[in-house]
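Chains A and B are the protein sequences, given in the same order.
Residue numbers for the first sequence follow numbering that gives the first Met the number 0, so the first one is 0 and each next one is one higher.
Residue numbers for the second sequence follow numbering that gives the first Met the number 0, so the first one is 0 and each next one is one higher.
Because the hints were derived from the structure by calculation, they are not lab data.
Worth double-checking, as some hints may not be accurate.
What the hints assert, rightly or not - Heads up, simulated BS3-like pairs for lysine-lysine below, C-alpha to C-alpha not over 25 Å straight-line: (1) K140(A) to K243(A); (2) K210(A) to K243(A); (3) K76(B) to K187(A); (4) K190(B) to K119(B); (5) K61(B) to K190(B); (6) K140(A) to K291(B); (7) K61(B) to K76(B); (8) K187(A) to K119(B).
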Amino acid sequence: MARSRYKGINQLSGTDRVVVGAMVLVPTAIVVWLVWLPAVASVLLSFTNWDGIGPVSSAKVIGLKNYKDVVEIYPPFWPAIQHNLIWLVVMFLVATPIGMLLAVLIDRGVAGSRFYQTSLFLPVVLSLALIGFIWQLIYSKDQGVLNAVTGGSTDWYGDPSVNLWAALVAASWRQVGYIMLLYLAGLKGVDPSLREAARVDGANERTTFFKIVFPVLRPINIIVLVVTVIESLRAFDLVWVINKGRNGLELISTLVTSNIVGEASRIGFGSALATFMLLISSVFIVIYLRIVMREPS
Amino acid sequence: MSVTARRARPSTEGLTKSREGGPRYGNRWGMPLFLTAVSLLWLGPIALALLNSFRDYAFTAKHGYVSWGGFTLTNYKDAWTQGDFGRHFFNSALITVPAVLLTLFFSCCIAFVVARFSFKFNLALLGLFTAANLLPPQALLIPVYRMFRAIQVPFWVSDSGTLLNSFWGLILVNVAFQTGFCAFVLSNYMKTIPRELYESAVVDGAGVLRQFFTLTLPLCRPPLAALATLEVTWIYNEFFWATVLLQSGDKFPVTSSINNLRGEFFTNNNLVAAGSVMIALPTLVIFFVLQKQFVSGLTLGATKG
Numbered sequence: 000m001a002r003s004r005y006k007g008i009n010q011l012s013g014t015d016r017v018v019v020g021a022m023v024l025v026p027t028a029i030v031v032w033l034v035w036l037p038a039v040a041s042v043l044l045s046f047t048n049w050d051g052i053g054p055v056s057s058a059k060v061i062g063l064k065n066y067k068d069v070v071e072i073y074p075p076f077w078p079a080i081q082h083n084l085i086w087l088v089v090m091f092l093v094a095t096p097i098g099m100l101l102a103v104l105i106d107r108g109v110a111g112s113r114f115y116q117t118s119l120f121l122p123v124v125l126s127l128a129l130i131g132f133i134w135q136l137i138y139s140k141d142q143g144v145l146n147a148v149t150g151g152s153t154d155w156y157g158d159p160s161v162n163l164w165a166a167l168v169a170a171s172w173r174q175v176g177y178i179m180l181l182y183l184a185g186l187k188g189v190d191p192s193l194r195e196a197a198r199v200d201g202a203n204e205r206t207t208f209f210k211i212v213f214p215v216l217r218p219i220n221i222i223v224l225v226v227t228v229i230e231s232l233r234a235f236d237l238v239w240v241i242n243k244g245r246n247g248l249e250l251i252s253t254l255v256t257s258n259i260v261g262e263a264s265r266i267g268f269g270s271a272l273a274t275f276m277l278l279i280s281s282v283f284i285v286i287y288l289r290i291v292m293r294e295p296s
Numbered sequence: 000m001s002v003t004a005r006r007a008r009p010s011t012e013g014l015t016k017s018r019e020g021g022p023r024y025g026n027r028w029g030m031p032l033f034l035t036a037v038s039l040l041w042l043g044p045i046a047l048a049l050l051n052s053f054r055d056y057a058f059t060a061k062h063g064y065v066s067w068g069g070f071t072l073t074n075y076k077d078a079w080t081q082g083d084f085g086r087h088f089f090n091s092a093l094i095t096v097p098a099v100l101l102t103l104f105f106s107c108c109i110a111f112v113v114a115r116f117s118f119k120f121n122l123a124l125l126g127l128f129t130a131a132n133l134l135p136p137q138a139l140l141i142p143v144y145r146m147f148r149a150i151q152v153p154f155w156v157s158d159s160g161t162l163l164n165s166f167w168g169l170i171l172v173n174v175a176f177q178t179g180f181c182a183f184v185l186s187n188y189m190k191t192i193p194r195e196l197y198e199s200a201v202v203d204g205a206g207v208l209r210q211f212f213t214l215t216l217p218l219c220r221p222p223l224a225a226l227a228t229l230e231v232t233w234i235y236n237e238f239f240w241a242t243v244l245l246q247s248g249d250k251f252p253v254t255s256s257i258n259n260l261r262g263e264f265f266t267n268n269n270l271v272a273a274g275s276v277m278i279a280l281p282t283l284v285i286f287f288v289l290q291k292q293f294v295s296g297l298t299l300g301a302t303k304g
């Protein structure tokens, strides 16, 4: 019955049609033009040998040669892959559990939870570029706090054997607060009667969390997983302000950028790297969309 | 039965804890001490930057950072001049304000159509925008960069004559990336607006445009406030596109101009600290004044579903 009644408000006059059309088409045109078209173009360019000097029509299709070159004769490629993976693992196995633990502790309703939350969340409002600069005060070779306290003389941002880890500490500093916030929101949504029931059944705090609360948090867990993967893949600002992603800090994102903005503009080559990023991210984007767009039943 | 109890009171919690939990849980003081320690550790880098931004370089160079004294305001004065902060803050405003307004307006349009009507393409449309928000921007750099370099624009749009090196190019890219997140959050919110309100609006003879402006938008003030807070912070903090699309340094927003404070051969870290504090200040003020908005915007987007 309700359906037939609603039909009335879905009826559109001529003007309404134009208005609705514009509301959809203008934003869509912008996002297709500046996001989707470039995404497709990146994939297509990766199969060509375009040098970026002549017109695009002068480019020849050379199949998978760019990919072959990237994998076989481009020295920073494998280090970059390795660094991206390390980045992901650290975010996932260090920053995420710490953020989750802090969320659980704060969620128990300790006094001063507002102070803890604010302090932990504060780094999240800073840009990663700025974080790179702030941590320079800690990492700098001659004046840094870390060397002053330990009496060492390591150039934490410069030494290729440690600079990735230095960057990861700074990145985790920000990530922990973000993860904590996501889990705090998730924990607030957990039905209290579930914990109550577990308590009545004699389950202790830890069992209750892992057996009852954690499974209920599944959507948040998946979102955190996806956000972590995508953020690890997009990691850029921090290493770019440190040394433009060289000398121990190579990441796929910085390789793409260096290949385009630098003197040597190797379009097809950079596009192959870009396609690689698109491929990985699209898997996780699909997972994400399936979670968040599920109609509430 | 206390099945509906919101949460166990601290007193009973303490009791159960000491019986079942590990030693840390048993201690009444352990938890607050632990959390306080972690919080202070987290505030450390910011406190360090703040403290040393007010200290004389010669003093800290002699006594090290783990010392006390040498307070001065010159770092701020020097950083402001050397980093040309006046210009770069102005650039940031020129980029952030239009980008946030356009993002919110376009997201409202998309969210309204998706929430108000039941077109077949609704889900695909929302997916198109949300997925765009998650793509790695570096992967799109080549085509966007080449396209912007090739597109000629009149000089009143950009003095560079192309979209590359122009504020409008950067604004549009930011809008394209951010609209997805906002449209998603807003559509979820708009779906909770009762259909009856639209029915009576239609009965009153209101067209779609009037429904949008006089009914939907006023009701969406809470999520719009939250999203505006978030987007101002994000676009102000945006670094990648600004760095690669604005090539002349004097156009950089303040976040990308940060490198100006680094000397070629030698970096005065106290000066850098003062610059960092100034750059962080707008986002910190937004965060402290609008913390509720900030947090609710972030959790709205992430936990829905």
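For each hint, the structure was consulted:
1. K140(A) to K243(A): With a Cα-Cα distance of about 19 Å, the restraint between K140(A) and K243(A) holds, given a limit of 25 Å.
2. K210(A) to K243(A): violated (45 Å)
3. K76(B) to K187(A): violated (46 Å)
4. K190(B) to K119(B): The given pair, whose Cα atoms are some 16 Å apart, holds under the 25 Å limit.
5. K61(B) to K190(B): violated (63 Å)
6. K140(A) to K291(B): Violated, at roughly 39 Å.
7. K61(B) to K76(B): Status holds; Cα separation ~22 Å.
8. K187(A) to K119(B): violated (34 Å)
Violated hints, in rising order: 2, 3, 5, 6 and 8; the structure is consistent with all others.
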